[in-house]
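The sequence shown runs 9 to 295 under the numbering used here.
Mixed in with the good hints there might be a few duds.
To be verified - Simulated crosslink set (EDC-like; lysine to aspartate or glutamate; CA at most 16 Å straight-line): (1) 149 x 126; (2) 279 x 199; (3) 210 x 258; (4) 279 x 158; (5) 89 x 183; (6) 149 x 227; (7) 234 x 199; (8) 261 x 295; (9) 279 x 256; (10) 174 x 158; (11) 279 x 254; (12) 210 x 229; (13) 210 x 227; (14) 210 x 254; (15) 261 x 227; (16) 174 x 203; (17) 261 x 229; (18) 260 x 227; (19) 234 x 183; (20) 279 x 258.
Honestly, the hints are just simulated from the structure, not real lab data.
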Amino acid sequence: GGQTAGYAGAKVQGLGRLTGLDPAGPYFENTHPKVRLDPTDALFVDVIHTDGAHNLLLGLGSLQRMGHVDFFPNGGYDQPKCPATSGKILNLVVQLGQMDIQESSLCSHLVAVYFFTDSVRNQCPYIGYSCSNYDDFNAGKCSLQCDGNEHQCNRMGYWTSPTDAKGDLYLKTQDANAFPYCIYHYQITLESGSEYSQTRGKVSVTLIGTLQTVTVVFDNDQTTFKRGSVQTRLIPLTIDIGEVTDIDIDFKKTNNWFSSSWYSSSWTFTKATVLNGDQQQSFYSFE
9 GGQTAGYAGA KVQGLGRLTG LDPAGPYFEN THPKVRLDPT DALFVDVIHT
59 DGAHNLLLGL GSLQRMGHVD FFPNGGYDQP KCPATSGKIL NLVVQLGQMD
109 IQESSLCSHL VAVYFFTDSV RNQCPYIGYS CSNYDDFNAG KCSLQCDGNE
159 HQCNRMGYWT SPTDAKGDLY LKTQDANAFP YCIYHYQITL ESGSEYSQTR
209 GKVSVTLIGT LQTVTVVFDN DQTTFKRGSV QTRLIPLTID IGEVTDIDID
259 FKKTNNWFSS SWYSSSWTFT KATVLNGDQQ QSFYSFE
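Hey, can you work out the whole structure from these sequences and the hints?
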């Protein structure tokens, strides 16, 4: 459908907008723009990628940029709780008409349609954030601050704006059977200022909001915290906690023979920053 719309746009000059909902990848990816959807097919072309792959057997969509703005929810492939992509084409032939959306090999491909139709209701912001790739986005390496300059953002779906961010944008969602599909994107930054040199352990952060309170794991013995270091994480929440009004940080040192000698049993964070990317609200806490 998306690729066919591209042909229509090439023939009918001046189309205002074309939206590609996981446009087909097999036999279209990396071909000449004349035979696939591309930014010249309308004044504004936006694309949602949900089943992208560079292999016919692995995905029905494409990871190739095709629009003025391309959204890659959950990386643009293997959507949450959808079947793995391995052997997808063969499985699709066997499963047609036998399963619901979440069980079907079409799951990741069709979920783009659900994201778009859900966006019309305007219950979820579906903010996409600029980043070099999904791994960096998921690791919290890209800012959720939408400043319109270095850090670009745009809304995925019906409300996508032709005047906001262009290029590749990333976001997270819930699985195909969840409704609505909202994930609330938070970014937490902790600055270490302890009198000790370094430590490792489990760091939990409790976010106290105007609607709800939730505790999340910031780090579970994956990072060596050092004096003066700054660590940032992307924290996706499935519930709306409202505006953050306070936070509490809990640290538990890793207990083993190595840590007892090299790592401090206590640790102090001198500053914590919580950014609600979807609402562009920040909360700061100082020791």
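Violated hints - listed by number, lowest first:
Per hint list: 1, 4, 8, 14, 16, 19 violated.
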